[in-house]
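Visitor: Note that the protein sequences, when read in sequence, are chains Y and A.
Residue 206 in our numbering sits at position 206 of the first sequence, and the numbers go up by one each step.
Take any residue in the second sequence, note its place counting from 1, add 219, and you have its number in our numbering.
It is possible that some hints are incorrect.
Which residues of chain Y face chain A? A partial, calculated answer using Cβ under 8 Å [said to hold, decoys possible]:
#1 Ile83
#2 Thr84
#3 Leu88
#4 Gln181
#5 Leu186
#6 Tyr210
#7 Arg213
Now the in silico label distances, taken between C-beta atoms and shown as ranges [to be verified]:
#8 A:Glu398 x Y:Asp4: 33 to 43 Å
#9 A:Leu388 x Y:Trp5: 46 to 56 Å
#10 Y:Pro139 x A:Arg322: 24 to 34 Å
#11 Y:Leu125 x A:Leu314: 32 to 42 Å
#12 A:Ile389 x Y:Gly109: 19 to 29 Å
Bear in mind the hints are in silico, worked out from the structure with no lab data behind them.
C-beta: ideal position from N, C-alpha, C; glycine also.
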Amino acid sequence: MTWDWSYALQTLPALLGGVLTTLVVTVLCAGIALLLGLALAVLFKLLPSGVGFVLRLPIELIKTLPALVILFFGFYGLPQVGITLPALPLGVIVLGTIYAAYCFEVYRGGFESIPQGMRDAAHALGLSRFTTWSRILVPMVVRASMPALLNYVLVLYRQSALLFAIGVPVILTAAQVVGYQYFRYLEPYTLAGVIYLVSNIPLAIFLRRYEKRNRNAHV
Amino acid sequence: MVAIGLGAVRASSRGPAVLSSIVVIELLRGAPVVIYLFWLFFALPAIPGAPQLPSALAAVLVLSFSQGAYGSEIIRAGLQAVHSGQRDASLALGLGPAVRFTRVVLPQALSQVVPAFGSLSVDIVKMTSIVSFIGVQDIFYAANTARSATGDTMASYLVLMLGYVVLCLIVAAFFRAIEYFLPVRRAQRAAHERRFPLRTKVMSTR
């Protein structure tokens, strides 16, 4: 069997549909991961130091487990205790939560990097706790963590391929479905890989440019 | 099952030395690992003359190459982290290139590389869960078999999760042990001992 261009063209529309789903999933997951991660990091900083492990423990646990296992647990395990979610929301929640755990670490590092003087200065200016956090500390942390966070968004884009396991129609799922219809896997899988590679390039370039601009803004 | 995970870990530790070109690394990191796995296992045999790889071999190949790409970046960062003055100093001492690399640069780079490799290996252990898609009988595959045999999804997956946690802890502990015996760490401990002989004695009894 050799490469068949007309078949490859035939599979293309299905794959491009998968691209759309992948993008939607990535954006939703990234939203959850970035916001939840920030909320957890702020909460962690506000908690007294002895209680912090209550938050750290589940986060470490989530980071130790493979995403696929958590996905299967949610998709096949949870219905057993009466919680049934459709594949797409479930996948988004699971991936979003996992990457929230990674983003938590990034934000936490960001908080460590803020000099104590910043807080003292805010205190000396008579700013309230809420203003100090929302107008000074959080914006600083978000800006400092941006490159690492965007990198995780990129990883998320690639990781969303795992959602094919529970039937969310991402690029890989589309390739599998088309391949199964015609019993030809060479073209759809190759095209799927090429699509991932090609779409990764502009994202990576954007990220690097953003990083460079941000570094210049700091100086 | 465990051997597959460990095999992937070990292969990837060697992989980075070979994969140094940026293009190869970016290619390997650009698409999801699952894609490469499926391509190698399902699509490659369709090309005339290409062999149908056994699933375990395909899994180890894909995992070690893709994680090797990440590993090579770690090595690069570790080597770059060694202060350039160290290189200048060994040049001034008249050390040859081989001695310079093996006795000066590499030991210092390792103190950066080994912890990072520890977390990479934990990543690989987690990554192995995808190989059951092509029928490799890893622990994830075993859990799925148990699930369909007993019908108790919750229990099978909870045991599976416990298994992954234990595996990851073992790998992490292994790398922490290696870290302990690194030359730089040994030198640091020795320096500490010379400076605070009493305190170290207290620490060592602890």
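Visitor: Look at each hint and say if it fits the structure.
Guide: Results for each hint:
| no. | hint | verdict |
| --- | --- | --- |
| 1 | Ile83 | violated (11 Å) |
| 2 | Thr84 | violated (12 Å) |
| 3 | Leu88 | violated (18 Å) |
| 4 | Gln181 | violated (14 Å) |
| 5 | Leu186 | holds (4 Å) |
| 6 | Tyr210 | violated (18 Å) |
| 7 | Arg213 | violated (22 Å) |
| 8 | A:Glu398 x Y:Asp4: 33 to 43 Å | violated (52 Å) |
| 9 | A:Leu388 x Y:Trp5: 46 to 56 Å | holds (51 Å) |
| 10 | Y:Pro139 x A:Arg322: 24 to 34 Å | violated (47 Å) |
| 11 | Y:Leu125 x A:Leu314: 32 to 42 Å | violated (56 Å) |
| 12 | A:Ile389 x Y:Gly109: 19 to 29 Å | holds (27 Å) |
Comparing the model with each numbered hint stated earlier shows that hints 1, 2, 3, 4, 6, 7, 8, 10 and 11 do not hold.
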